[in-house]
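Here the protein sequences line up with chains A and B, keeping their order.
Per numbering that gives the first Met the number 0, the first sequence starts with residue 0, numbered consecutively.
Per numbering that gives the first Met the number 0, the second sequence starts with residue 0, numbered consecutively.
Errors might be hidden in some of the hints.
Pairs involving identical chains hold if they fit within one copy or between any two copies, as the list cannot separate such chains.
[Claimed, not checked] Straight line, CA to CA, 27 Å or less: simulated DSS-like cross-link-like pairs of lysine-lysine:
id	residue 1	residue 2
1	K380	K287
2	K345	K269
3	K380	K367
4	K244	K203
It should be emphasised that the hints constitute simulated quantities derived from the structure, not laboratory data.
Number of protein chains: 2
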Amino acid sequence: MPYKSTKGGVCAPKGFVASTAACGIKSSKAKRADLALLWSEEPCVSAGVFTTNRVKAAPVKVTQAHLRHRELRAIVANSGNANACTGVKGIEDARAMADGVAKPLGLTRREVGICSTGVIGLPLPMERIAPGLATLAGDLSRRNGGAVADAILTSDTCRKEIAVTVDLGGHSYRIGACAKGAGMICPSMATMLCFVTTDANITKDCLQRSLLDVTEASFNRICIDGDMSTNDTVLVLANGAAGGKRITRGSKECRRFRDALEYVLLKLAKSIVRDGERVTKFVTLDVKGAGTYLDAKKVAEAVAKSALVKSSWNGNDPNWGRIIHAVGYSRARIREELIDISYDGKPACTGGELADTPIKDLRAVAAKEEFKVTINLHLGKAEYTLYTSDISPEYIDFNRSEYAYWKNR
Amino acid sequence: MPYKSTKGGVCAPKGFVASTAACGIKSSKAKRADLALLWSEEPCVSAGVFTTNRVKAAPVKVTQAHLRHRELRAIVANSGNANACTGVKGIEDARAMADGVAKPLGLTRREVGICSTGVIGLPLPMERIAPGLATLAGDLSRRNGGAVADAILTSDTCRKEIAVTVDLGGHSYRIGACAKGAGMICPSMATMLCFVTTDANITKDCLQRSLLDVTEASFNRICIDGDMSTNDTVLVLANGAAGGKRITRGSKECRRFRDALEYVLLKLAKSIVRDGERVTKFVTLDVKGAGTYLDAKKVAEAVAKSALVKSSWNGNDPNWGRIIHAVGYSRARIREELIDISYDGKPACTGGELADTPIKDLRAVAAKEEFKVTINLHLGKAEYTLYTSDISPEYIDFNRSEYAYWKNR
Chain A
0 MPYKSTKGGV CAPKGFVAST AACGIKSSKA KRADLALLWS EEPCVSAGVF
50 TTNRVKAAPV KVTQAHLRHR ELRAIVANSG NANACTGVKG IEDARAMADG
100 VAKPLGLTRR EVGICSTGVI GLPLPMERIA PGLATLAGDL SRRNGGAVAD
150 AILTSDTCRK EIAVTVDLGG HSYRIGACAK GAGMICPSMA TMLCFVTTDA
200 NITKDCLQRS LLDVTEASFN RICIDGDMST NDTVLVLANG AAGGKRITRG
250 SKECRRFRDA LEYVLLKLAK SIVRDGERVT KFVTLDVKGA GTYLDAKKVA
300 EAVAKSALVK SSWNGNDPNW GRIIHAVGYS RARIREELID ISYDGKPACT
350 GGELADTPIK DLRAVAAKEE FKVTINLHLG KAEYTLYTSD ISPEYIDFNR
400 SEYAYWKNR
Chain B
0 MPYKSTKGGV CAPKGFVAST AACGIKSSKA KRADLALLWS EEPCVSAGVF
50 TTNRVKAAPV KVTQAHLRHR ELRAIVANSG NANACTGVKG IEDARAMADG
100 VAKPLGLTRR EVGICSTGVI GLPLPMERIA PGLATLAGDL SRRNGGAVAD
150 AILTSDTCRK EIAVTVDLGG HSYRIGACAK GAGMICPSMA TMLCFVTTDA
200 NITKDCLQRS LLDVTEASFN RICIDGDMST NDTVLVLANG AAGGKRITRG
250 SKECRRFRDA LEYVLLKLAK SIVRDGERVT KFVTLDVKGA GTYLDAKKVA
300 EAVAKSALVK SSWNGNDPNW GRIIHAVGYS RARIREELID ISYDGKPACT
350 GGELADTPIK DLRAVAAKEE FKVTINLHLG KAEYTLYTSD ISPEYIDFNR
400 SEYAYWKNR
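Whole structure, please, built from the sequences with the hints as guidance.
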């Protein structure tokens, strides 16, 4: 491990405090926390990346507008309802969530980022959210990093948080983060949220650039086809509380910050795949030897989203025929007779034909919980890596109905 | 029904005869026919459309070459093995299949089309196929149209054939066809085969043009993303045995032939969706009001291939949130606040928000075996229709392993 792990999640960096509340949005019975507030005691620089879906949830639209005008210093989030496709009322509700925490904290509304995740198309139950909002500012504590990580979960089965210390010789700063995974195996298809905090003393320029870079190499690598949900959001707040010389773009320290951020976000991205709904396999898909980067990406995405490939993995079946078939329709430039496919380095297909590895050896790899599939096109030097999973009958069964939510109407 | 139905499938048109054999390719135990021959007693004009997958099975490559040089007069097909990703031996085997029937029929090899369907990546068991091939020419009969339709099936649960009579006032011709569906819900992802025969007296030009046109409006409308398997093939043989004035391109009769062919192929295409593996719903997806045809198609394909949308249909859940979410990432031009979505005409979403139809009414539609989802973008006049299905836990379970095949190694 290249970085020293530390405790506290998003509250590990100096000056960040958090609180949560249970409002009955996720479920009216169980009193699970479903509202969270994260606040920096110091002013921050901030950056965000958002869904590219052309249908954007109200909190995404509002937060994007806030970020254009001001630096965020707080984030308020709810789970259980996405506040998406909710029209003018949705915008008003998102603003009301920001107002609800801004006033007691002495912030303007535009210093608050808003995130929602859950079912699409139903208005937020503001009558249940308002009482929770009123308690958040009073409950802020450094001990609540984990509570925030829990409050944003929906169908996730485990908390996803991490915090590391980055040493700069003599002085150090911390990066903390939490995330929620997707209703779907691929977070691109459901809501993925990630909040990152740091006490590094960094310029907005360096922060924003690093975030864009790193998102491409982490969360976008678990996006099956680059599609995102209506709500996907990654927000970073940097309050500079660790002091030290300011990290500026292009410096060695900026590269070091970028690398540490990549480490943190890639860990979270992989944990989202591992906790995909009813997932039983974690598959690293390495495409090599492509003519172009885009071709490598096309191949990886076609294979990773093929229901037939994913079904065979679920059955411990090292079926390379389905893989090469997906390679063929990926629209990447390929030559069938050059393609090699291997499972954990064991050839399954050589030069577009059956390799002579005994099938039992390949099945032994495919039976593991974690393995790597390498596809070499032997056409060039471009590469692409994706982290993906199988698809199980239980996944479909789990997603057959959101009727439990709809009943609330 | 605009055309008079008739019996006999591909042998309904005059001058077509067929035979089948059981070679133990599909299964070494059950003696199901898995080899078929279709032959026209008269010379033919012929046309074909093939997979656009860049990984093409050997029989596709060989048949494409044959069609470039000669008119096909016979088709030989096997099920149980796709003869794909089989290198030079695959090409030799495909040619050997053609040779095996060409000699006894007095044809050249290039007058024979070859089709294979089944598992990818294993060589054809020629030692088992050769004895079957030797019997085919001797068993030809007009009564074997249905037997051919059965011999090409793999995971299909029912025969797919049709024959119609087209009256031209005073004289008539027939069009017969059979097809096999996909290992997958969407035939684009597995092998789809279709053989069409007609005794119409038609020019190659009119035949080829009609086939291209009609494929776009039938089999390509059940293609989820325009991707095709390594083996997809539609072949048409027209022997002119019905006599009458030759049908030439651009004539009224050519349009009439095209319409009749569309009727036949659309019936078969829909029957492939209905017989998709473990499918419980047949959904007609109508996209209206798109700015361009391509946008309408993008929207339809994004929705039709969303595992979340398909899962909700499986659960009788009229979940429009998942539909609008797929519309948003389709990359089509949209305006969220203009989008209407309805189930059998009942509004589920109006202007991008929840419509006021009672949820029980929408659930009643989604609970039916067959319903229509209409998405109106209200941006223009372009439209697109796709025929699609749900996805079930049983589908994934069914596709978890092709190990039964691999055991044969």
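Hints versus structure:
| no. | hint | in the structure |
| --- | --- | --- |
| 1 | K380 to K287 | within (7 Å within a copy, 43 Å between copies) |
| 2 | K345 to K269 | within (24 Å within a copy, 41 Å between copies) |
| 3 | K380 to K367 | neither (29 Å within a copy, 51 Å between copies) |
| 4 | K244 to K203 | within (14 Å within a copy, 78 Å between copies) |
The structure shown violates just one earlier hint, number 3.
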